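Those protein sequences? They're chains D and Y, same order as listed.
Residue numbers for the first sequence follow the working numbering, beginning at 12 and rising by one.
Residue numbers for the second sequence follow the working numbering, beginning at 4 and rising by one.
Don't read these hints as lab results, they were simulated from the structure.
As the structure is a prediction and not an experimental result, all values here were calculated from the model.
The C-beta atom is built at its ideal place from N, Cα and C for all residues, glycine as well.
Any given hint could be a false lead.
[As the list claims (entries may be wrong)] Here chain D is said to cover these stretches of chain Y; the calculated rule only asks that three of the stretch's residues, wherever they fall, bring their Cβ under 8 Å from a Cβ of chain D: (1) 99–106; (2) 115–122; (3) 225–237; (4) 275–283.
[Claimed, not checked] Label pairs and their computed distance ranges (CB to CB): (5) L169(Y) to Y39(D): 54 to 62 Å; (6) L110(D) to A16(Y): 22 to 30 Å; (7) G142(Y) to I114(D): 45 to 53 Å; (8) G208(D) to R180(Y): 39 to 47 Å; (9) T268(Y) to T238(D): 34 to 42 Å.
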Amino acid sequence: MLPHLTRRWPVYAVLALLAYPWIWRAPYFHLLGFDTLLGATMAVSWNIMGGYTGYKSLGHSAFFGLGAYLVAIAANRWGWNPLWSAPLLALVVVAVALLLGWIMLRTTGSAFVIATIALLLIFRLLALNLRGITGGAPGLSQPLPPWSPEFSRLPFFYYMLIWTLVAVAVSAFIVRSRFGLGLLAIRDDEGKAEMVGVNTTLYKVLAFGLSAYFVGLGGGIWSYFQTHISPVFAFDLRIGVDMILMTMLGGLGTVWGPVLGAFILIPARDFILFRFGATQIHLAISGALMLAIILFLPRGILPTLQEWLERRRAPASAFVGARLMTELQDESAATASTPAGDPHSRVRPAPR
Amino acid sequence: MSLPPTSVLIQVAIGGLLTGGVYALLVSGLTLIFGVMRVINIAHGAFLVLSAYLAYWLFTLLGMDPIVSIAVLAPLFFVFGVLVQRYLIARVRQEPGLLVLVTFALAITLEGVMGSLWRTTGRSVRTAYTGEVVPLALGDLTVRLPIVQLVGFAAAVIALGVLYLLLTRSDLGRAIRATIQNPDAAQLVGVNVALVRALTFGAALASVAAGGAVFSLIWTFNASSHEAWISKMLSIVVLGGMGSLPGALVGALIIGVAEAVAAVTITTYLSPIVSYLILFFILVFRPQGLLGSRIREA
């Protein structure tokens, strides 16, 4: 393959995204683009906790809803413009996540997963009942964006694109850092990580807080985009499930996997919605898709693809020993309990 | 908040105990599955609602009383459970985070299927005795008990009794208890752990099928009801201690009474928060619950 093309593909991808709204001009495509980028940003964020650290939260919609409500309340009460208040108020979401993480991360395994669900339910119930602040079940409206409605989705699209790139950059930076190495060590074996001197509690709480940032931010931007939010939609369990689904489809614990997952899943679901209407069938299809991914593509597209490419390249080697090594690695990958192609990616998955 | 009169509280508490008995039946399978295979079956609520729907249709189309329909539904769900365990749960890498996702995916698949097959209208079985009450004299106080609650409670006690006998008096029960205590050791002494797991999942779904039939008598449901119910069921199981059957019974009675009392003392809207808070704080600060042992996971 052409080396400069493979190395520079993110640049071409960004250029394609910049051009996208001008090639497909219908508002529908701008909406689809925004949804996809929003999903990608949040999946990248969730992946910091769920992928790198291995703690899969089912309740990240709690941070999405919190971000959405903070932005709406600030816009109504103090006239804060969501475009700058969303990234700022997402820091408040992070503070809440750090506090909750500090309480919750005493648990591991299934107990953690259920605790995250309980957290979401508590948040939703509070949003429904603290009527003075949240407006109760009918929800909150906020001022419309100043720009004209027929063109309204374009600024949102580009604004979201910026944050998607920031999220990916942060995620890529983390996985290359000492901190990221600690997170991967926790995922592979928490006990051993603790033994070699990783402050596992601190690392986990920090990862949890960080993973809430872009989710809270996404919630804030979404809130402005929708102009009206209500507890049932802002604190929807499915928003969190989507983050998991996108990440697992693209590749759990990889930098670009969550983005790839979002770019496949969200247009695909839109097609299903369009084809079958907004019935319950799309829920059944989402569930079945999730089962299919877990059963048949448990490591996601990118790691599977990477392994396949490596295996194709391997027999070209003249050394018998090299071929033997690949086979041994395949064997150990098949028996290992962690998702790993080769021993190096186990510690530090090569970002694609 | 002002406390309602004692007579109301007694009435409410007795109603709560009856409800708690039914809760115990609803969650028995959930705790059994966790005990034997360390799987938190998020789909349990969806199976419950599915069974309630089938009981509803058996009643509406064939006039079969939900209590009688248990004889049809329990074997059906047993087979279903064995298949789900063999071809789904057992095929996935045995890691807690992933297993929860599998059962969650199963839950929303079932919800989607039920939602597209049937309307979103709330369903409930209305038999000839629905709405009837039995007066019970306690000294100078008369407590009025709805017949459906009594029938549901009786059915729950019988179903739990059968489950108890199965666990304590049969070879399968011994194998199940051995697997709960230590799967590796059980395997070593000749228990076919893979088979035990499949049969346990079947038995658990049979129990939730019985629960669903009772459920259709007492509560109104539609396809999305399972979300509220699985969270309540999880609170009960976590409170009692995950994997412990006596714990589930104690947890069910406590939540049944607490919920009924909370509904008349705090607002009805906010009363579910009691069970969510119980769930959250027990998980965090006392993960073994009241009667369970500390959760060990691979």
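So, going through the hints one by one against the coordinates:
1. 99–106: Per the Cβ count (7), the hint holds.
2. 115–122: holds (count 5)
3. 225–237: Per the Cβ count (4), the hint holds.
4. 275–283: That given contact holds, which follows from 6 residues of the segment 275–283 of chain Y lying within Cβ reach (below 8 Å) of chain D.
5. L169(Y) to Y39(D): 54 to 62 Å: Distance hint for L169(Y), Y39(D) holds at roughly 57 Å.
6. L110(D) to A16(Y): 22 to 30 Å: violated (36 Å)
7. G142(Y) to I114(D): 45 to 53 Å: holds (47 Å)
8. G208(D) to R180(Y): 39 to 47 Å: 41 Å Cβ-Cβ, so the 39 to 47 Å window holds.
9. T268(Y) to T238(D): 34 to 42 Å: This hint holds: roughly 39 Å between Cβ atoms.
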